[in-house]
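> Take a look at the letters that make up each chain.
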Amino acid sequence: MTDLETFRRETRAWLEANCPPEMRTPQEDDDDRCWGGRNFRFKSEAQKVWMQRMAERGWTVPDWPKEYGGGGLSKDETKILREEMRALKCRSPLDSFGIWMLGPALLKYGNEAQKKEHLPKIVRGEIRWCQGYSEPGAGSDLASLQTRAEDKGDHYLVNGSKIWTSYANHADMIFCLVRTDFSAKKHEGISFVLFDMTTPGVTTKPILLISGKSPFCETFFTDVKVPKENLVGTLNRGWDVAKYLLTHERDMIGGMGLGGGGRPLGQVAADAVGVENGMLADPLLRADIARLEVDGWAFQMAMERAGDLAKAKQAHPAYSSFLKYYGTELNKRRHELVMTSLGSDGLEWESARSQEGEALRAWLRTKANSIEGGTSEVQLNIISKRILDLPGA
Amino acid sequence: MALVLNEEQSMLRDSARGLIADRGPVAQLRKLRDDRDASGFSRELWKEFADMGFAGILVPEENGGSALGHVEAGVVMEEIGRNLTSSPFLSTALLGATAMKRAGGARAGEILSKIAAGQILLALACDEKSKHNPHHVETRATRAGNGFTLKGAKTFVVDGHVADLILVVARTAGGVNDKEGVTLLAVDPKAKGVSVERTIMVDAHNAARITFDDVHVDADAVLGEVDNGARIVSDALNVGRAAVAAELVGVGDEAFDRTVAYLKERKQFGKAIGEFQGLQHRVSHLYCELEVTRAAVLKALQTLDQAPANAAPFVSLAKARACASTNLAVQEAVQMHGGIGMTDAVDIGLFMKRARVGQELFGDSRFHADRIARLRGY
Chain C
1 MTDLETFRRE TRAWLEANCP PEMRTPQEDD DDRCWGGRNF RFKSEAQKVW MQRMAERGWT
61 VPDWPKEYGG GGLSKDETKI LREEMRALKC RSPLDSFGIW MLGPALLKYG NEAQKKEHLP
121 KIVRGEIRWC QGYSEPGAGS DLASLQTRAE DKGDHYLVNG SKIWTSYANH ADMIFCLVRT
181 DFSAKKHEGI SFVLFDMTTP GVTTKPILLI SGKSPFCETF FTDVKVPKEN LVGTLNRGWD
241 VAKYLLTHER DMIGGMGLGG GGRPLGQVAA DAVGVENGML ADPLLRADIA RLEVDGWAFQ
301 MAMERAGDLA KAKQAHPAYS SFLKYYGTEL NKRRHELVMT SLGSDGLEWE SARSQEGEAL
361 RAWLRTKANS IEGGTSEVQL NIISKRILDL PGA
Chain U
1001 MALVLNEEQS MLRDSARGLI ADRGPVAQLR KLRDDRDASG FSRELWKEFA DMGFAGILVP
1061 EENGGSALGH VEAGVVMEEI GRNLTSSPFL STALLGATAM KRAGGARAGE ILSKIAAGQI
1121 LLALACDEKS KHNPHHVETR ATRAGNGFTL KGAKTFVVDG HVADLILVVA RTAGGVNDKE
1181 GVTLLAVDPK AKGVSVERTI MVDAHNAARI TFDDVHVDAD AVLGEVDNGA RIVSDALNVG
1241 RAAVAAELVG VGDEAFDRTV AYLKERKQFG KAIGEFQGLQ HRVSHLYCEL EVTRAAVLKA
1301 LQTLDQAPAN AAPFVSLAKA RACASTNLAV QEAVQMHGGI GMTDAVDIGL FMKRARVGQE
1361 LFGDSRFHAD RIARLRGY
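Chains as they are written, first to last, in this note's numbering: chain C, 1 to 393; chain U, 1001 to 1378.
In case anyone wonders, no lab produced these hints; they're calculated from the structure. Take these hints with a grain of salt, some might be off.
Said to hold, decoys possible - Going by beta-carbon spacing under 8 Å, a handful of chain U positions derived as facing chain C:
no., residue
1, Gln1268
2, Phe1269
3, Val1283
4, Arg1321
5, Leu1375
6, Arg1376
For every residue, glycine included, the Cβ atom is placed at its ideal position computed from N, Cα and C.
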């Protein structure tokens, strides 16, 4: 038996023994996710135990180095762990922007003290991070951001505001883009800093969205003192960190194109339109669903291939823009078809039957997928410029 | 298994790319077309395919073949697609060889040896209607004397005009649309009662309509078992579908590459037309569609090698995707070339023509999306 086969067998046995049965049921919605953090209220004891057991082995972030609390697994081992978790239907033990976004950026740009301080707390789910990127005047044109950090000798003094800060009201810390040089060109005066959300002068205000939920906030900074050791990378070179981090954010959002668990669309539609001769009675809806399934399943393979390309060091650095663009457009298409398949039953905003409009709220939420993390149009611009090398792009 | 070519496969791609671009370029297809060539393909190139081991790519070593896999076959098909090469590689080296391997027996073994040596051309005669429907078999073989009498008609028989042996899917039991009850027969096109009408297709590649008017075939014409040919045919078709999907990837990639180059070179309003965002976004979207298909096609080819019993849905996915994305690629290619794209002098229209034929071959995107929906139970 090869080492990897042994690893697979042992991993399966460990997961079977340690993943509580309640954590092997499909996640109903975003509220079932475990985000961690100082103030996180676990939905169940099982959720807490599952996170802690995985964190002890570093398997909440299996591919980070052991010295920073990660699992220290190779890419092959990480792939096997993910496959075995999928096979046993284990939920993700911990989701966080620390894992998906800040961690990779710190591993590349952070100094030793920053890695030692922050990474293990991310792995253990102790600190929940939020991302301070967009501003009211800086959306697609992110580099025009105006939040300023002035050098006050032993600290930076931060003033300004951010918007679309996901879960800022629940976050313990923020990684934030600030302007540190107003005379430089817009990409060259930006720095990347970290600070605690409990620092005096930080306030957050949730934004009510069309889904009726408030996953995003406006975040305001008034004379916020940020210790100088919290600067990541080089002063005024924060754009490099920001871009690198964005590729990880794009991978994460693109992954939504894979669709979650949930009932297969074919079955949802069968309830609404009926079945004749083993086929959905509405042939045009059946065709739409089949086409989506073709594209969705193929995209799953494209995601797998993207990982293999990265491993083989053959991936284009801007490949994540393709995944982000395609995955989010696919996810919107999927949710449009969910609504079509549910028919008028799916339109009930407030009823027990519709679980308080759960499908509606999810459908509305997907509309942000192709806006957040760089719009679809921005991704197409990036592909034009960086992959296809088109002039003037 | 990683969804990237391994080192040996990459080397094979490089040598196939060199050979085919050099000896089977688009210019060759033009010449075959304009000369109204009797064969419609280059026999010299086919000989080189035999020397390179491509003719015997799927043939076992004991029959003198290279005994490679479907990923390797797909690598060659992709280069054929890039160059629009007219070649019996699909009909003989892939469909023919797969049918012979599944059929087994001494006769099939002899044919496999000849395939590897480049000494025989085969054609699979399956379709009877203008839309692919492999279970619809009206052509009937009835027992007579020591063999059968064959009656019926086949269409869209790729390379049927040059084949030395036609592999005919004939009904020996059951009704016209039954899945089972078919037998695969090796028929000599020169036998009495066989008439072959060469059909030059829009892409200047070749197929044939073949009619069998009470053709007598001996019992030894049976490949595999009587009434049990359905599995052989479906295995051969699945290899053919994945191979055509790979060819379409090549067709789409080349049309795409030529279009991106044209966007950088063509100037209007005082600048390269590639500077216009209206075109940038369309061509970038096309890039994404082609990338998604690339992954699905490689996955299907790998599955044919690793777990052939599970390959059917993967193959349908690959063909459904390849038809759709390559069709988009060639349409965008002609549109972005503008008026020049409508001329015969420029190659880009030839890619659109080949894509149209490749889509129809062994099931278009609707056929395969429908197959996936059925497999998923809706």
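> Run every hint past the structure and note whether it holds.
Hints versus structure:
| no. | hint | verdict |
| --- | --- | --- |
| 1 | Gln1268 | violated, 13 Å |
| 2 | Phe1269 | violated, 12 Å |
| 3 | Val1283 | holds, 7 Å |
| 4 | Arg1321 | holds, 5 Å |
| 5 | Leu1375 | violated, 10 Å |
| 6 | Arg1376 | holds, 6 Å |
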